[in-house]
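Visitor: Top line first, the protein sequences correspond to chains A and B. With the numbering used here, letter number 321 in the first sequence gets 321, and the count goes up by one each step, no holes. With the numbering used here, letter number 122 in the second sequence gets 122, and the count goes up by one each step, no holes.
Everything labelled a hint here was simulated from the structure, so no lab data went into it. Warning: the hint list may mix true and false statements.
To be verified - In silico DMTMM-like pairs for lysine to aspartate or glutamate, Cα to Cα no more than 20 Å straight-line:
no.	chain 1	residue 1	chain 2	residue 2
1	A	K651	B	D203
2	B	K123	A	E625
3	A	K663	A	E625
4	A	K663	B	D40
5	B	K123	A	E643
6	B	K377	B	E219
7	B	K22	A	E643
8	A	K658	B	D40
9	B	K293	B	D361
10	A	K658	B	E251
11	B	K23	A	E502
12	B	K116	A	D290
13	B	K360	B	E219
14	A	K661	B	E219
15	A	K651	B	D34
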Amino acid sequence: MEESVLKRTPAKKSAPKSAEKSSKHEDAEDEAVAVAEPEEQAEDKSATNGHAAPAKAPKRRATAEKMAEGQRDISVSEFFAKNRHLLGFDNPRKALLTTVKEAVDNSLDACEEAGILPEIWVHIEVTGDNRYKAGIQDNGPGIVKAQIPNIFGKLLYGSKFHRLRMSRGQQGIGISAAGMYGVLTTGRPVKIVSRHDPKKPAHYFELQIDTKKNKPEILNGKGEGEDLPKPGAEYEKFVEKRGLEWVETPHGTRVTIELEAKYQRGRGSVDDYLEQTAIANPHVTIHYKDPDGKEYHYARAVDVLPPEPKEILPHPYGIELGNLVTMLQSTKATTLSQFLTSSFSRVSSSKAGDVCEAAKLSTRANPGRIGRNDSENLYKALQNAKIPPPSTDCVCPIGVQKLLQGLHHVVPAEFYVAETRPPSVYRGNPFLIECALAYGGSSQAVKISFEALNEMLNETDARTLRQFLINGFSGIGGDAADKILTEAGFGTRASPGKLKKEEIVKLHEAMRNVNLEEGQTMNVMRFANRVPLQFQPGACAITQMIMNTNWRAYGLTQSRGGLPSGPVTVMVHVASVWVPFTSESKEAVASYPEIQKEIRLGLQAVGRKLSMFVRKRLKVRQEGERRNVFLRYLGEVATAVNEINGRDRNKLYDALLKVAKRKTEVADKKIDESGKFVDEEEADFGENVLIVKHDEPLPAATGGTVEGSTSSASSAKKPKKKKS
Amino acid sequence: MAKKPASSKSGGAPVNVSVKDKKTLTSLRRVADDVATCADSGRAPHLDVPSRSLSNVRFNKTKRFLEMGGGTNRRELFNLSQAKSYMQTLLISSGCKRLIEQGKTTSLRGLYYMLKHTIEGTKEETFEDQEDSDSVIEDVEVTLDSLREEMHLYASNRGNLVGPITFIDNGDTIDCTRMGSAGYSIPSICEPDVIQFKDCKADFILHVEKDTVWRRFAEDKFWKKHNCIVSHGGGQPPRGVRRLLHRLHNELKLPVYCLLDNDPWGYYIYSVLKQGSINLAFESVRMGIPEAKYIGLRSKDFDRCKLSNSVKINLNDQDIKRAKQIAEYPWFKDKKPWQKEIQTMLGQGFKLEVESLISKDISYVTEEYVPARLQDKDWLD
């Protein structure tokens, strides 16, 4: 036995021999035990040889059988419970946002699918140290009793994964993951109230996820849930006891999750998310109550639902060979031609004929009997055939008008432009890019109120004021932050937590006074299927394309490989039946070349319009500045002359002023009494542009006059945002 | 300084205005009237300021100094880049007018503070710093064709002198052999009405570059041994020093020898003393000393005096650039010895300061170096 083993490894003859000796000696005990079973001993030896250990052979720690005991299914829930960052729960602050976001996204999807104008209530309240309760309710269709536990308590359960249709949610992970996170961090169950029939009472569940089995557990009503009592004293008691906040609606769903979280204003906050959601979804009404009890209302600007996105068949270009084979096997079609026309979008029967001919197959062949080689030919023929892009009605753009309105509603600026690209296809999935841009106006930092600043300072976890400014406000870059701090007289390393009242006043004033136009960096808003993307900008195809675009050509300043600077906000919306995200937490769009190309074209389109505006304005402004420079010095000159020769100072000043005005006439032409730019030649800009005169204080900007070629924009109801 | 009016302290009473002052006032008024006329007729006012750059400087070969050409730069009020300096020019003019009328004088810095204020309705200052106003003052000088002292302005004193000469400075008799360790501080304005020469026993003037070297000469009583005046100008000599040297040279017929660093900056100091500066070419006639000689340091001195390596200062890019510029100046261009001097320095790749001689011996420069050069008449012209 031993010999045969040694023969197997002839190259190691000499070395293993000595190894064998020592190992024999070492294993003396084992041998004594294993005398009865020489075969096993030999096996052990062979293992030693195989490893070619020079001196010591490692002890076997476990046998395959033993290991098999530990090998078992990993449930999805367990996997994600351990890898919560994949779903966007990496830190307490993000966890809160992700929870709200998943719930709101689901609500909007449900409302739109059911054809209901969405109305959303969001309430966040503090329940303890680092503990928050997030309640999100919609007026959606409601969910039938039997499905509630699965939808909220089971990962990877949903309606959206298996179809090609434009929607916010995709996988069916989000809300159940949020619930799971809540249960994991606080031990409190997820509370769901849902009503789908106005005649029946709302139903109430308390849920928990069994992470091992990926199964929901219902805690109340002996695993059946309970009905909400009829309005009255009993109802009050019931609601009070369970901490419910059901807003009475004929149909809708409310989910309440208690979780470990951190609430913080500023970039990437719940407030920010809801505001951006309002931009991309002008048909939605949102009521939001923040942890301080402040209420925000984003009223809908449009009373029409966006057109219902159609579910589509896969497009031949997006299919893979293996996929095609499976489809061939499982189809109900009897002929190949029928199979092609019924399983794919945009394949007409004549096109199917062409494809079959190219693949050297009969149109009447039975799809189930197509062999391996033939299906490969068919695949190639499909890829080479000229097939029109998938139907476009399956992706619904927000639309140029609504983009302009939405952006104008939230971002105060002087110039707005939007562009909707024609649909295109990546891997057979139709998608569409929309870009919008707002230019001019003041940054968010300028319009912030003293109280809000105070609160932000209290909440921030930034170590230095500079960091606080850069992270807390969109549009403030390093330069601008430095300017503000210098103006306010702080050192860059001042801590935001320890400011005295007078110091905050100073900071607030500096933020209002400093001209941020120079130091501002472009503010980028990213949307995928109308959902704002707030994290991982660096990994996102949108940000990458914005940085790769040469904005200098459009009149902005931009350092190499960076975001351009200036008072600019750019919004990019990727709409698709399947948005390719880089991770399950849906934070960044993957860089498919087709998507990159469309984004680039979209950005270039808005960029060209921007450059027209910037150049024009620059010219006017230069003239204006010229005049300002002259005006500044005229007084001094007049005084000096008066002192030398005694001429009347004021008369001289007026005379000089006249000359100055004549010298800078160009500035006059386009400057009205208020000193702001009005352009008579707007028609040049085309249809997708909105130019706003705004002189009035900022809050009024939302209701301000809108001048532009977009008549519908100015006549449409302005969304109102009020704080109570 | 122009005539100091006797009645300057008569508290608001009209001061006596000298003929010179009247001339200056007339020029000032002409500038102001011009603005008014332009404004009345709707034209944009402008000033023609004689250009103070190399392109507007001509080397007069017979007189052997720099002369200002007829070139002017137009300074317009309604030109974005010139508006501010136009305003400043008028401001300076009005300031000078005030000084003349009140019969007072002030320093350049004084005028700067007098006129510096925030422009109404802005955060901008009329003058950001003194350099701003100094250069405008020079512009006004050339525009009005009036000297600084005629505008009642003076610069801060720089430069000292020691030697067997007695001045009458503003009425005080000053014996420059008895001025202590610091010597006589040369005033900014050395016109005959301020300084008169009373008695001079010196045979020549030795002008050195900076204070350190000057003190060596003063302490070693070089002036006593060699019967000369030793002066320095603290680097590039100010106008007062140049004017005084000019007067001593012309009125008392004292030859001038210069002991300067062997680097482009030293060469240019010599050039300024000899044929006037490019910037103030209009003053050359009152200041240039075409007969001034350059006795050192020479680029050959490193070998000649057997200096140690450690006193070498490597030329930087700026030095090399400047040296090449100077070699191209017309008044250096035709002088073979000078071309050779500059080429040698560039070839060696290092410069030498006068102070480097101290490394030989503390009094090497006064006891051996300068006497030897003077004895051998070894200098550059």
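Visitor: Could you tell me which of the numbered hints above are not met by this structure, giving the numbers in increasing order?
Guide: Numbers 1, 5, 6, 9, 10, 11, 12, 14 - these are the hints that the structure violates, sorted from lowest upward.
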